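Protein chains in written order, with my numbering: chain X, 1 to 370; chain E, 1 to 370.
Just so you know, not all the hints are guaranteed correct.
What the hints assert, rightly or not - Covered stretches of chain X (chain E as the covering partner; in silico rule of three or more C-beta atoms under 8 Å from a C-beta of chain E):
#, stretch
1, 62-70
2, 253-267
3, 270-282
Unchecked claim - Quick list of in silico lysine to any residue cross-link-like pairs, SDA-like style, CA-CA up to 25 Å:
#, chain 1, residue 1, chain 2, residue 2
4, E, LYS254, X, THR286
5, E, LYS6, X, ARG269
6, E, LYS254, X, GLU193
7, X, LYS81, E, ALA266
8, X, LYS263, E, GLY85
9, E, LYS67, E, GLY102
10, E, LYS67, X, TYR267
11, X, LYS263, E, LYS6
12, X, LYS81, E, ALA220
13, X, LYS254, E, PHE76
14, E, LYS323, E, ASP139
15, X, LYS349, X, ASP15
In case anyone wonders, no lab produced these hints; they're calculated from the structure. What you are looking at is a predicted structure, and each value in this text was computed from that prediction instead of being measured. Ideal Cβ placement from N, Cα and C applies to all residues, glycine included.
Protein chains: 2
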Amino acid sequence: MTTTGKQLFTTLAPDGKLTVEVAEAQFPDPTGNQVLVKMEAAPINPSDLALLLGQCDLDGAEYSAGKLVATMPEPFHSAMKGRHGQRLPVGNEGAGTVVATGDSDMAKALIGQRVACVPGSAYSQYALADASMCLPLGDVSAEDGASAFVNPMTALGFVENARMDGQRAIIHAAAASNLGQMLVKICDEDGMELVNIVRKQEQVDLLKSLGAQWVVNSSADDFLPKLMEAIAATDAYYGFDPIGGGTTVDACFKAMERVAVSKMTAYNRYGSNQAKRMFIYGRLDTGPTILTPSYGFGWTLSGWLLTPFLAQAGVETMNRMRKRVLANLTTTFASSYKRKVTLEQMLEKDAAIDYRAMRTGEKYLVTPWG
Amino acid sequence: MTTTGKQLFTTLAPDGKLTVEVAEAQFPDPTGNQVLVKMEAAPINPSDLALLLGQCDLDGAEYSAGKLVATMPEPFHSAMKGRHGQRLPVGNEGAGTVVATGDSDMAKALIGQRVACVPGSAYSQYALADASMCLPLGDVSAEDGASAFVNPMTALGFVENARMDGQRAIIHAAAASNLGQMLVKICDEDGMELVNIVRKQEQVDLLKSLGAQWVVNSSADDFLPKLMEAIAATDAYYGFDPIGGGTTVDACFKAMERVAVSKMTAYNRYGSNQAKRMFIYGRLDTGPTILTPSYGFGWTLSGWLLTPFLAQAGVETMNRMRKRVLANLTTTFASSYKRKVTLEQMLEKDAAIDYRAMRTGEKYLVTPWG
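Use the sequences and the hints to build the structure in full.
Following this line, the structure appears as structure tokens:
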């Protein structure tokens, strides 16, 4: 027996045409540790967008009911050679009600419950999910629980990772995002110092209103000295950047090194011995990352993704993190949305252009049943 | 009592004037574990040049006997604020004869011996050096022993570091250098796979004549496919780049990721799980490092310097490395020089412009006694 429902698919043809469409799909009965979730809400996160739309030409695309067809420019088209011709589901996370389960006890225990889940196919009326990754929501609504995984676990992951590496302070860029606001609260709760970098005065005000102590505006003339002041006060030689392209990481390394050098008593041609560590965890700017030779050789820059981090941290740590998220879903880990859209509305021109811009505080929520 | 001799000093004034000059200097008697070395030969390595001349304007400089005065442009002038006004000695390494020692047994045992040393002031007729870092040269000449530290230990350090990190293959850029030629021999001796990146066909031929199996020409049209072929054959997801600026690191990460993706059976929007690691250990190109968003998030890039690596590796490893260098100074670890210059000749226009260009195979050797 199978269940039928509407689902969104994205297909990049070898000729460079990207087709994103809502179609009828068949959902097989769950087996083993699987559950079938009737999806009620799913956020559009930056981490969904690369697969959903990538850098396709939305202005010149053709739009029809429940369908968009656009051109994928180079070098993005060739870079995604691995997906050419494949019809792929999208949507990392969401929330809904378990309507069928596999045979495992863990799966069976979830029948009828509202859960947050991480199916990778959340833009759909139904999704098969792994019971071990489902979080029973109890009284929390599907909308409030839809973003229970990606942002909360990433923000918690930063603090966990920093602590594993012996750090007591973190820098965070694009810090006024939903995730950034969570991080302000987590760091406050955990006594981790946090230096927030934002782009606008209103974002400074927002984070200060949440209790953030150090907020630096990258658009201000005194950005670098203010960043240095915050680093000197907190010892934040460790940071996370979701922008990726441009000079955010470079500015952080530069400020870290200048603070470290100002504390040295003798000149060293190779710079300070202070280890400096940055992670890029997103690509809000898909341009190249620019690193100038102005902070010696004592620095390390890595990509950061949630899944490999959780694998490294282990099941026990992950379960502790998830419990904390569940207990604070409507407070520390609350998300806010600019607009709710159906599967079909996701593929309308204005909506697609708007949510792909990934502006701070303007996240979309998909409600597949309208 | 003190010894008198000629020494080279570099001074960057707060107004941006760089003065490099040969002057009479007093060398105090060595104490404790120090030895006084009558310096006979010292190489001009890329790692000396940042302090010696940096990016000063050599074309517009004033040259007189044993002296050069040049302008240091921005942003380099401000970036070196820590040295403004300080009269600094230069020259990481060299070789000569121990003419006086401190009271320690280790120091006293070296009296009268020819040694390689790492005084940090090697462009001088005399230098105070730490006995524990001196390598007695026996029958090896000062010229053959002058480069016994920086290049050999760095090349050996790459292989040690790779092994510590569980790697069996290395990528090396600008691989036709003195250091690169040593690395070809070391990797051959140690069974470490090596992918060499060079810029010219004649450098391909040179490294092949030394027995290198994988040599890729970055100027060739098929650079990327050839690099991928070499990575696929060797599993080299780990590499060292002395160029720093530009896209060398980016090309390596890109090729590594494409090889890793080609081995995957299912498409993953985040790229491969293959960890990719690169180190920048020099700045032959002082332009910015460019990293494009085309290899997912499973990569790490760090600066690499010999001194912190040796500190991390420990004394036992360092001593094992030094013994290997000494035993093979005229074979595996032999250096070659384009030209010998006196301290005064170092400061002549043609010489300074020539050695600062850091062209592969055109290293200078300083002989302070003429």
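Here's how the hints hold up against the structure:
1. 62-70: n = 0 at 8 Å, threshold three: violated.
2. 253-267: holds (count 3)
3. 270-282: holds (count 4)
4. E:LYS254 - X:THR286: holds (15 Å)
5. E:LYS6 - X:ARG269: Holds, because 22 Å separates the two Cα atoms, which is no more than 25 Å.
6. E:LYS254 - X:GLU193: violated (35 Å)
7. X:LYS81 - E:ALA266: Holds: X:LYS81 and E:ALA266 sit about 12 Å apart, inside 25 Å.
8. X:LYS263 - E:GLY85: The hint holds at about 18 Å.
9. E:LYS67 - E:GLY102: Cα-Cα ~33 Å, so violated.
10. E:LYS67 - X:TYR267: holds (23 Å)
11. X:LYS263 - E:LYS6: violated (33 Å)
12. X:LYS81 - E:ALA220: Status holds; Cα separation ~24 Å.
13. X:LYS254 - E:PHE76: It holds: about 13 Å lies between the C-alpha atoms, which stays within 25 Å.
14. E:LYS323 - E:ASP139: Between E:LYS323 and E:ASP139 the Cα gap is close to 15 Å, so the pair holds against 25 Å.
15. X:LYS349 - X:ASP15: holds (22 Å)
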